[in-house]
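Engineer: Chains A and B are the protein sequences, given in the same order.
In case it helps, the numbering used here puts the first sequence at residues 1 to 107.
In case it helps, the numbering used here puts the second sequence at residues 1 to 121.
Certain hints may be false.
Within a straight-line C-alpha distance of at most 27 Å, the following computed DSS-like cross-link-like pairs (lysine-lysine) qualify [as the list claims (entries may be wrong)]:
hint, chain 1, residue 1, chain 2, residue 2
1, B, Lys43, A, Lys39
2, B, Lys43, B, Lys65
3, A, Lys39, A, Lys107
4, B, Lys43, A, Lys107
To be clear, the hints were calculated from the coordinates, so they are not data collected in a lab.
None of the values given here were measured: they were computed from a predicted structure.
Spelled out, the chains give:
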Amino acid sequence: EIVMTQSPATLSVSPGVRATLSCRASQSVSSNLAWYQQKPGQAPRLVMYGASTRATGIPARFSGSGSGTEFTLTITSLQSEDSAVYYCQHYNAWPATLGQGTRLEIK
Amino acid sequence: DVRLLESGGGLVQPGGSLRLSCAASGFTFSDYAITWVRQAPGKGLEWVSALTASGRNTYYADSVKGRFTISRDNSRDTVYLQMDSLRAEDSAIYYCAKSFWDVPRGYFDCWGQGTLVSVSS
Chain A
1 EIVMTQSPAT LSVSPGVRAT LSCRASQSVS SNLAWYQQKP GQAPRLVMYG
51 ASTRATGIPA RFSGSGSGTE FTLTITSLQS EDSAVYYCQH YNAWPATLGQ
101 GTRLEIK
Chain B
1 DVRLLESGGG LVQPGGSLRL SCAASGFTFS DYAITWVRQA PGKGLEWVSA
51 LTASGRNTYY ADSVKGRFTI SRDNSRDTVY LQMDSLRAED SAIYYCAKSF
101 WDVPRGYFDC WGQGTLVSVS S
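Here chain B stands alone, though its shape is the one from the complex (with noise of 0.2 Å):
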């Protein structure tokens, strides 16, 4: 059974940082790319930050580049968010999200249940 499991989530000051994760579990992991993909409070969905399966490529949303930054431990079949300098509107569900290929121009075929992310003082 292919899954996604985030964690990491929570409340955090403006400013602060916190690290998520997604671990994998049911498929070979290092062959397909992940994207992170966040909704805000009754808001549509927004890709957030995406790599390659071989973790060599990695692309960021403008909205987030320069904060965010995201990398994967194929041995661990985890992928991880590192989110610096965070801001109110940043505050969302984070789900992670398998690409049915290795790079991340593609439909996601499966997606994890989120975890929360809140930034407010």
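Next up, chain A with everything else stripped away, as it sits in the complex (with noise of 0.2 Å):
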């Protein structure tokens, strides 16, 4: 079972700067990555897939990059909206793992 690991485990950063969220695989998992965005009391919504193509719906301000073991989803110009858990998940094979979350807060 490929093993997801995000850093940081908690990320507080200032409106309209830069976020960058880490996630990383135990073994290649090609572009196969998927991050979904969790707000309280939500159900999770996909946010980015292939590591870098942006779900329906999703502003232009969140990207994505890396492929093999490790990956990066950028949200630029912070919007308290954007304040979530944010997990990345592999699915180059089965079972399809994530990880445990990094919790983006906008102070």
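Put the two chains together into one complex, using the hints given.
Structural biologist: This is how it looks when you write it as structure tokens:
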């Protein structure tokens, strides 16, 4: 089973700046990597797939990069509505495991 | 509009059973795999069980193997999760999620709103 490790556990940033979230896979997952956003009391929502393709309705402030074992989700011009927990998930093989999440707090 | 709607959660005693349902709408249900993902209070997401679009292949996390059974009725656009021998550690919000493909090995492009399962005496 591929283990997904996210860092940092919590990220606290000011509005208007950039946030960088990291995700590492224990073995190569090619570009089969997705990101989800979960706000308090809500179900997760797909943000990114194929490591760098934004899902429907996701603003261009969100971008993804990486391949193999190292991936990054970058959110520029942070807004209060971006406050959430972000999970990465590989889908290169079954089980398609998820990371433990990064909590993004907007100061 | 693609939608998933879970139901069937509730409070049950340890050792008891529940059957969760996930009703789909807005897409050709029989073309896509479905996965159940749970989230214990204050914790992260954990996949529980999945099945292929046809329903012929099923998958279970080790933590629920032998106790949970996943199935689907493509004529009713519904997936079920039969949960037996429930334990306190099964307490969580249970989400069903639609895979992008006909097999579970895909990202989840739609999630339901979740149903809460509480296992307590």
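Engineer: Regarding the pair B/Lys43 and A/Lys39, is the alpha-carbon distance no greater than 27 Å?
Structural biologist: 13 Å, holds
Engineer: Could you grab the alpha-carbon distance between B/Lys43 and B/Lys65 and see if it respects the 27 Å cut-off?
Structural biologist: With a Cα-Cα distance of about 21 Å, the restraint between B/Lys43 and B/Lys65 holds, given a limit of 27 Å.
Engineer: For a C-alpha distance cap of 27 Å, please report whether A/Lys39 and A/Lys107 respect it.
Structural biologist: 16 Å, holds
Engineer: Compare the distance between the alpha carbons of B/Lys43 and A/Lys107 with 27 Å, and conclude whether the hinted pair is satisfied.
Structural biologist: Satisfied, since the Cα-Cα distance of roughly 22 Å is no more than 27 Å.
In summary, this structure violates none of the numbered hints.
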